[in-house]
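Visitor: Sequence:
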Amino acid sequence: GYTKLVLAGGVSANSLLRRRMTEECQQRGWSCYYPPLSLCGDNGAMVGAQAYYEYLAGHIADTSLNAYPTMDIAKNHA
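With the working numbering applied, the sequence shown corresponds to residues 89 to 166, in that order.
Because the hints were derived from the structure by calculation, they are not lab data. Hints may be right or wrong, so weigh each one.
Claimed, not checked - Okay, the calculated beta carbon distance ranges per label pair:
#	residue 1	residue 2	range
1	GLU111	GLY146	49 to 55 Å
2	GLN138	TRP118	35 to 41 Å
3	TYR143	THR110	40 to 46 Å
4	MET159	SER119	30 to 36 Å
Beta carbons are placed, not taken as given, at the ideal position from N, Cα and C, and that holds for glycine.
Produce the entire structure from the sequences given, and follow the hints as far as they go.
Guide: So this is what it looks like as structure tokens:
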């Protein structure tokens, strides 16, 4: 079974989540790891900045563009 938990990304900066996950791991006898808060930033600002520059460059998609969360990255989708 599992004995270690790692939380990362923007959500791992949430202090309540860190506290509850630490408590849960202690109760189960698991180790719990978090990166330093300085490395837990959300990249939403970066995505927004890139979108701004794409817009300025005239790279605008039509309404048919949509997320494809199960896309096979091994295939050529160009």
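Visitor: Can the suggested window of 30 to 36 Å be confirmed for the beta-carbon pair MET159 and SER119?
Guide: holds (34 Å)
Visitor: Quick check on a hinted range of 40 to 46 Å for TYR143 and THR110, using CB atoms only.
Guide: At roughly 42 Å between Cβ atoms, THR110 and TYR143 fall inside 40 to 46 Å, so the hint holds.
Visitor: Cβ-Cβ distance between GLU111 and GLY146: within 49 to 55 Å?
Guide: holds (51 Å)
Visitor: Using the Cβ atoms, figure out if GLN138 sits within 35 to 41 Å of TRP118.
Guide: Roughly 37 Å apart at Cβ, these two residues keep to the hinted range, so it holds.
No hint from the list above goes unmet by this structure.
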